[in-house]
Structure formats: C-alpha cells, structure tokens
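Put the two chains together into one complex; each comes in its own frame, and the hints tell you how they fit.
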Amino acid sequence: MSEATNQMLENLNALAGGLFLLAAFGMVATRQARGCLNLFITQSLLLAASAALLGFRHHSEHLYGVAVVNLISKPLVVPWLLRKTSPEEIYTRREVDQVLNIPTALLMALALTILAYFLGVPLSNAVEAEFRGPNVPIGIAGLLLGAFTLTVRREAVPLLLGVLAMENGAFFAGIAIARNLPMLVELAIATDGLIIVFIMGVLTRAVQKHVGTTAVGEMATLKEAGAEPVKEEAVAK
Amino acid sequence: MSRRIIFNLVQVLVVLVFAPLASGVLSRLKEMVQSKRGPSIFQPYRDLWKLFHKDEIISEDSSWIFRFTPYIVFVTPIFVALLIPVLTNYPLFFAFMGDMLGGGFVLSLGGFFATLAAVDTANPYGPMGASRTRMVGFLAEPVFMIVFFTVSFVAGSTIPYIVQEKWVTPLANFFMPSHVLLVLAFLMLVLAEGGRIPVDNPTGHFELAMIDESKSLEYSGRGFALMKWGGYMKMFVLMCIFLNVLVTPWGLAHEQALGAVLVAIPLVLFKVFCFLLVLVVIESSLSKLRLFRISEFLGAAFITSVAAMIAQVFLP
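Protein chains in written order, with the working numbering: chain E, 132 to 368; chain L, 137 to 452.
The reader is advised that the hints may include incorrect statements.
Cut-off 25 angstroms, straight-line C-alpha distance, at most; resulting in silico cross-link-like pairs (DMTMM-like, lysine to aspartate or glutamate) [what the hints assert, rightly or not]:
1. Lys-302(L) - Glu-134(E)
2. Lys-302(L) - Glu-141(E)
3. Lys-186(L) - Glu-349(L)
4. Lys-407(L) - Glu-167(L)
5. Lys-340(E) - Glu-220(E)
6. Lys-302(L) - Glu-391(L)
Looking from chain L toward chain E, a few residues come up when the C-beta cut is under 8 angstroms (computed) [claimed, not checked]:
7. Ala-308
8. Pro-313
9. Val-316
10. Ser-431
11. Glu-432
12. Gly-435
13. Val-449
14. Leu-451
Per the computed footprint, the stretches of chain E lying under chain L, defined by three or more beta-carbons under 8 angstroms from a beta-carbon of chain L, are [to be verified]:
15. 244-250
16. 265-276
Hints are computed from structural coordinates only; laboratory data are not their basis.
Here the structure is a predicted model, which means the values were calculated and not measured.
The C-beta atom is built at its ideal place from N, Cα and C for all residues, glycine as well.
Chain L on its own, in the form it takes in the complex (with noise of 0.2 angstroms):
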C-alpha cells in the first residue's frame, strides 16, 4: 500500500521535473530543423528560476480569481498526474478516483481558471485569447466526447489501465481501424488543446494572433511561473495520456518493485522524445491556420472520431 503511494509520488515528481524539459527539447528540436542553433534544452528551468526570483505586480482592480488562478493551473495537472498512467500500467494508489473523463474535467477545470483570469484584469488582449480559447475548446469539444465514447465501446471502460491493454492483447487489436483512427483524432486534438501550430502559434509574440499565451500577459514573477509550468504540465500529462493509454502501454512498468518504475521513466521520456520529434515535423511543415480556418481542422478531426466509432460498428 505505502509502496503505491510512494509510485504515486514517483509519478507527480516526474511530471514535474520533465515537463520543462519536454518543452525545451521541443523548442530546440524546431530551431535546429530552421538551420538554427536554439536555446539550450534546460532553457525552461531558467526561466521558471529567473520569474520564482522576481517581484509580482498584481492589478489592484483584479478579483481573488487572478490570485488563485495560477495555483489551480499549476496543481490540476499534478491532479491528472496522479490519476493516468505515467509510468505503471496497473493502477496506483490515487488511479481510483478518476476515469479519463475525470481527468479531462480536471484538466480543463484549470483551463477554466484561467479563461476567467484573463478577463478578470480587463487587459484588451486577454479577453480576446480567451473567447478564442474558448472557441477552440468548444469545437474541440464533440471530438472528446466521440473519442471517450469509442474507447469505451472498444474497451468497455475509460479507465485508462484497462484501455490501454485492450490495444495490444492480443497485438492484432493495435491494427484496428477505431484504435488507429482514434490515435489520428486524439492527436489533433492535443495539437488544438497544447496550442500548437495548425492552430496556434506558441511561439509567436504578436498580441492581436494570439490564442493560448495571452492568457498570462498579465501575470508577473511566480504567478507567471506557475502559470507557465503548469502550461508545460499539461502539455506533458496529455501527452502521457496520448502515448500511455490511447497509443500503446509499451515501456512502462509491469512490477511492483521501484527498480522497474525507475527503469521505466527513461523508457517513457524515450516515447515522449519519439512523439516530440513527430511534432516538430508538424510544426514545421504546416503554417498557422487562420481563425476561422480552424472549425474545418476541429472538423476534420471530428469526421475521423466518427470514423472511428462507425468502423467499429461496421466489423460484423
């Protein structure tokens, strides 16, 4: 018992520790694709260090909402960390408590947050990237519901260590339409919700295109900290859920021994880092969709959820 707990924790800290990494990886890969040298890969850490060391200014008309918001952003991912399976593929101490369901509306729970937070401060650009996220996360929306009712229908169960088995027991169940058409949906999905490039630009510093990011301009010091390491935790977790549940269980501890769930975290970054790769060439293949454009991306990936669910209907 105390050793899952322990596993738990193990799994927390994880997230914690790499998420940054993931992020600076991520950036260096795409600089190092354009024929750039790039940030150094610990880049994130230092700037979590630098703004932890910083002054915080907070708008004196500004609610309690914007004081709490970036402790919810920062602990709801911690949340999810503790409910899917990071690093074991059998249930840890905390798993019982939510399905990927839950999850989801934890996750989105911080999203929330932070919506409200970026109108709170009445900054002209904040109340912009947040009705935009809001838009994305509406129609992003159908899409999460169609992927978790085809994996129940497949599965049987959205907890997420059953799912995950289901895919390759026996290994001919990881060739199934709805298995690798749900892996296509869910994949636009992260690149939606991660705001990544078809549909949002992370990097970019220009105010009035912003979707994601401008939701922390307004914050300073450790509020912005927080706020940026719980972006890059989410990032992470739902990656975590991508590879660990919806791709394959591969890498991950089978014993209940810490050895094996310490051999597992270099196995798990090592499919983090493959599904980094696959990213950067999606980043730097595609351009930026314009607003409207994305309904058509979300809708696309809604046509390949549904393709999912009536494949499945469709085998006799």
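Bound conformation, chain E alone (with noise of 0.2 angstroms):
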C-alpha cells in the first residue's frame, strides 16, 4: 500500500478514535437511559470500524473477525436483549439527580483521561513502534470513563452501559496490541458481554417488581423489613 493510503487508514483510525473518546463522554452525561444506549450502540460501531480499518492496514483477518463480532453483538443484540428483558419505561425516564451534577461529572472525566494519557503512552511504547498509535491510551481513557460512568450514575441501564463501555475501551486497546487474538477468545468475550447484559436485564427487571423503581443509587436507604420495627422501638425509648 502506498503511503498516502496509509496515512489516511491511519488518521481514520484515529478519528474513530476520537469519536470514540467523545462517546465515552457522552455517556457519563445524557440524561436519558435511552442516549446512554444510542451513545453505546454509536461506540461500539466505531470500535468495529476502527478494529477494520486496522485489519485491512495490517492486513489481518483476526481484525475483520473483532469487527464482525463487534458489529453483530453489540449495536444489535445488546439493545435487542435489553427490551426482551428489562421493563420499557427505563427508557423513557430522565435521570434527574446524579451523584455529581454533570459539569463536575465531566471535569473529572477529562481529568481521568489526562491520567489514561500518562498510562497509555509508556505502554504504546513499551511495544514495536509499529503497534503505536492513538488506540491504547484512547481504549484505556474509555475504560476508566466506563468504570467512571458506573460510579457516577444512578440507573439501573446506564450502569450495565457503564459496564459495557469498559470493555468496549478494553477491546480498542486490545486490537492495537494483540493483533493475532484467536477468533475463540473473541468469540468467548462477546458471548461473555451478552450473559452480562441478560443477568443484568433480568435482574433490573426482579428490581423493579420488588421494589418499584430501577432508580438502584436510592437503594442505599433500603433497610430490611426485619429491621423496621427495632428502630421505631429504639425511637420510642
């Protein structure tokens, strides 16, 4: 391939990147559970694309093959999952109080990915120079964005969201790194990512029947049924 060619798979590679970086942001920050979901659906097309883009730049199958599993499980059979099993009105609620407001949210979510910046960058080098590029300290700053997304929201649906946008991060580092993953080990992790999201979905769904609401940062404040009268008599005293 010429090297014009390569510079522009390169610079669209990292465009998704960015893109990608982008989304994560999106995530610690819509409102609506059903954003998070389109902002997710968003990420994980742009990990399949960029898992392409690289396979066809190194000519890899391996990467056709992440991109292929990518583009099936995620955009399609999470959302898919997810209606079968967690209760319709998530949706179409807003999430009114999170536990930070979302400029502070995001403040500290650009802080976390100058510290993705400090970790990704000796591991980019610890490797060939030909491994180099914007994938793994993006991918890291997507992981810690994910896990930040799980301590800052409050819904049940952004917060399996959360979970997956880790792995999301954790894969686009992974393809710049090992390139020649078996197709089983991809294969393993998307089925891994699938069982996640049913329990999950499921488990929402009990949540909302016992107790009413899929807001699980209240939850905080439930006490035991048991426990109820104790106090009151304790109160009484």
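Written as structure tokens, this is what we have:
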C-alpha cells in the first residue's frame, strides 16, 4: 500500500478513536437512558470501524473477525436483549439526580482522560513502533470513563452500559496490541458480554418488580423488613 | 501591491453586501421547513433601507457610549474581514495586522460595546440581556481558547492562511481527529456566539427570554440599522472563519488575478449556502435551551475541543 493510503487509514483510525472518546464522555453526561444506549451503540460501531481499519491496514483477518463479532453483538444483540429483559419504561425516564452534577462529572472525566495519557503512552512505547497508535491511550481512557460512568450514574441501564463501555475500552486498546487474537477468545468475550447483559437485564426487571423503581442509586437507603420495628422501638424509648 | 489592496477591499465589499442576504436566505429556508412561504430573501435589505430613512431617537440620559456603539458594532466585522481569508487563500494587504486570536479580540470588542450600551440607557430589558450575553460569553471563552491552542498545536501557527493549508495538505489531514472534533466544537461556538437556536432564539420577540436581541432594543433609525447590519456581518464573518479556515480552503482563489477572485465569490457563497442548510436542520430540529442548561451545551463544546487536543496528544 502506498504511503498516502497508509496515512489516510491511520488518520481515519485516529478519527474513530477521537469520536470513541467523545461517545464515552457523552455516556457519562447523558440524562436519558435511551440517549445513553444510542451513544453506546455509536461507540461500538466506532470500535468495529477501528478494528476493520486496522485489519485493512495490517492485513489481518483476525481483526476483521473482531469487527464482525462487534458489529453483530453490541449494536444489534445488546439493545435487543435489553428490550426483551428490562422494563420498557426505563427508556423514557430522565435521570434527574446523578451523584455529581454534569459539569463536575465532565471535568473529572477530563482529568481521568489525562491520567489515561500518562498510563497509555508508556505502555504503547513498550511495544513495537508498528503497533503504536492512538488506540492504547484512547482505549484506556474509555476503560476509565466506563468505570467513572459506573460511579456517577444511579439508573440500572446506564450502569449496565458503563460495564459494557469498560469492555469496549479494553477492546479498543486490545486490537492495537494483540493483533492476532484467536477467534475463540473473541467469541468468548462477545458471549460473555451478552450473558452480562442478559443477567443484568433480568436483575433490573426483578428489582423493579420488588422495589418499584430502577433508580438503584437510591437503594442504599433501603432497610430490611425486620429491622424496621426495632428502630421504631428505639425511637420510642 | 495595489492589486492586493483592491482584493482586500473587494473582500470587505463582499462581506458588506452579502451578509444581509445570508440572513434573508436563512430565515426563508427556516420558514420553508415549517411549510410557510416566508419573507423574500431580500427582506433584510429592505429593512435596512427603511431604517436608514427613519428618524433616530436617543435618550437624553444616555452617554457617548450609546451613540458610538452602532459605529463600533458596524466597523469591527469589517475590520476582521480585512484579516481573514474570505475569498483568497493567500494573505492580502492588511492580513499581517492580526492572526485568528486578534480577529477574535476585535469581534469581542464590538460585543463589549454593545453590552455597555445596553446597560447605558437603564431600560430594564437591556441590562438583563447584556448580562446573559456575558454569561454565554464567558462560558464560550475557554472553548475559544482551547480551539486556538489546538489549532496552533496542530498547524504550528494561528495565522489563518497557514492553518487552512494544513487541513488539506495532504488530504489525509482532513480526517485527523483533531480537525473533525475542532470543527464540531467551533460549530457549537458559532451557534452560541451568533445567538442561534439551542442557545438563543433569534426570531423571538419575547423580551424576557431574549439574549442577543435585547441589546439593540433601545436603538431606532440609523443606529438600529447599523447594529442590525453589524450583527449580520458578524455572523457572516464567523461563518467565513469557520468554513474557510477551519473546515476547508476549497473554493478560494489561488491566483492573484481579479478574475480568479471574482470567480471565488459565487463559490464562497455556495459554501455559505451549504452551511446555512446545516444551520436550518439544527435550528428546526432542536429547541431553545433553558438559560441554565446553556452551561451544559457549552460544557459539551468544551469537552469536544479538549478531546480534539487530547486526540492530537495521543497520536504517537
């Protein structure tokens, strides 16, 4: 391949990375569960695009495999499973109180991204020059931002999507480092993700049935049924 | 040398003449999206003509700032039009006077005086709109700064003529993550600075909800015409900076001949028209944000611009 094509492919890959990062930021800040889901789908599509571009760039069928597995499992099967398992009304509700307000959360997310830079650049320097690229730091940033989503969101579905975003970030870094992952591993990871979605979706439905809400952040204040009268007695004394 | 001065003046003339047209086309397109007929695209010219022939009333209690502001608001976009590439991709006679940062400062000078004049007359709606404009302004300021930092970081310069070349030589640079994210961030800035819909409703006539419009409430006659024309030109200049410097330099004149410069005029207007179509889609599909949600909109712009910078740092 000519030099110009290579540069074009690398820039397109980096562009997918930049938008991937932006989608991760969006998942921290979006209020609505549906918006969060759409951003997750976008992020997964960008991950697949990056895998396909890297596969084309380095002539690796395994990366094409990663792209195809990602394309099928995350943007298609995950939303379908979620719709099957978790209650419909989650998607229309707004999450009014997050743990932090949105500008603060975004600023902390920025700080995490800068941390990812200091983690990712030495890591990508440790591998061969051919493997260097924006994927490793951006993937680590995606991982950290997914974990951050887990800490600031209080609704069940965005929390679940935070877990999946962490997995997306790990994948995004992984496709640049380990280029010839056996197909078996890819499929195993993809099924794992789907099983997580399935279990969490069923759990969400169960929580909603018992407690009447999916705002799991508020469940810290729940008391056991037996503990309640004891407390009242203590107050009466 | 004299030719470059002439081209520079042609550039100013283009901004002067076509800025109201861009505004007219935009409002016509918006009405057409809402299945109405809408005013003629030449309506802004008629408005200006009418206003120039009307008497001007100035409050006795206002100071010189109130009287001077229309001229400053009118002149600052013209001044910026001398600095930036409107029609040519090579620097013209006055281009040495300032870079993009300088142009930004000159534009904000006009905004500063408009704010002062709004406070000057003590009309209850003026200061309210003025303080809101300042709020949007200081939220937009860090985004501007990061955008300029990133531009100078990527292109090694803040001179618009060097920056615009950087994005297309080679063509692969067009797809650099920093470029695409910068364009997104600056688009949000244009919306905020131009008082377009997610931030402010330019067609609204409800004084309590006004942000940008309320600053010219007290003006009448010629002063109002100058304020209006200045507002059109500011938007046009912002679009030129956005389209010619940050998006692409395509369609600009390469040769130093009058013919090439004249051919560039319709090409640049076509680019502006394409941008207006995008603007119509944005304005018709979004609703105006509540005042305290504006900080979230500009926070998103800030995150986008920082992501542009980080993506550039992440490249090996």
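Tested hints:
1. Restraint check for Lys-302(L) and Glu-134(E): the C-alpha separation of about 18 angstroms stays at or below 25 angstroms, so the hint holds.
2. Taken as a hint, the Lys-302(L) and Glu-141(E) pair is honoured in the structure, with Cα atoms around 17 angstroms apart against an allowance of 25 angstroms.
3. A C-alpha spacing of about 19 angstroms is found between Lys-186(L) and Glu-349(L), which places the hinted pair at or below 25 angstroms, so the restraint holds.
4. Of the supplied pair hints, the one linking Lys-407(L) and Glu-167(L) holds, its CA atoms being roughly 21 angstroms apart against a limit of 25 angstroms.
5. Distance hint between Lys-340(E) and Glu-220(E) is fulfilled; the C-alpha atoms sit about 13 angstroms from each other, no more than 25 angstroms.
6. Under the criterion of a C-alpha separation no larger than 25 angstroms, the hint pairing Lys-302(L) with Glu-391(L) is consistent with the structure, at around 19 angstroms.
7. The interface hint given for Ala-308(L) is met, as the beta carbon of that residue sits about 4 angstroms from the closest beta carbon of chain E, less than 8 angstroms.
8. For the restraint placing Pro-313(L) at the interface with chain E, the shortest Cβ-Cβ distance is roughly 3 angstroms, inside the 8 angstroms limit, so the hint holds.
9. Evaluation of the Val-316(L) hint against chain E yields a held restraint, the C-beta minimum of about 6 angstroms falling below 8 angstroms.
10. Among the interface hints, the one on Ser-431(L) holds; its C-beta lies about 6 angstroms from the nearest C-beta in chain E, closer than the 8 angstroms criterion.
11. Below 8 angstroms, beta-carbon pairs count as interface contacts, and Glu-432(L) has one with chain E at about 6 angstroms; its hint therefore holds.
12. For Gly-435(L), the shortest C-beta to C-beta distance to chain E is roughly 5 angstroms, which falls under 8 angstroms, so the interface hint holds.
13. Interface restraint check for Val-449(L): the shortest CB-CB distance to chain E comes to about 6 angstroms, inside 8 angstroms, so the restraint holds.
14. At its closest, the beta carbon of Leu-451(L) sits 5 angstroms from a beta carbon of chain E; the interface hint therefore holds under the 8 angstroms criterion.
15. Note: the stretch 244-250 of chain E has 3 residues with beta-carbon separation from chain L under 8 angstroms; the three-residue rule is met and the coverage holds.
16. Proximity of the stretch 265-276 of chain E to chain L, defined as three or more residues with a beta carbon under 8 angstroms from a beta carbon of that chain, is established by the 4 residues found.
The structure agrees with every numbered hint stated previously.
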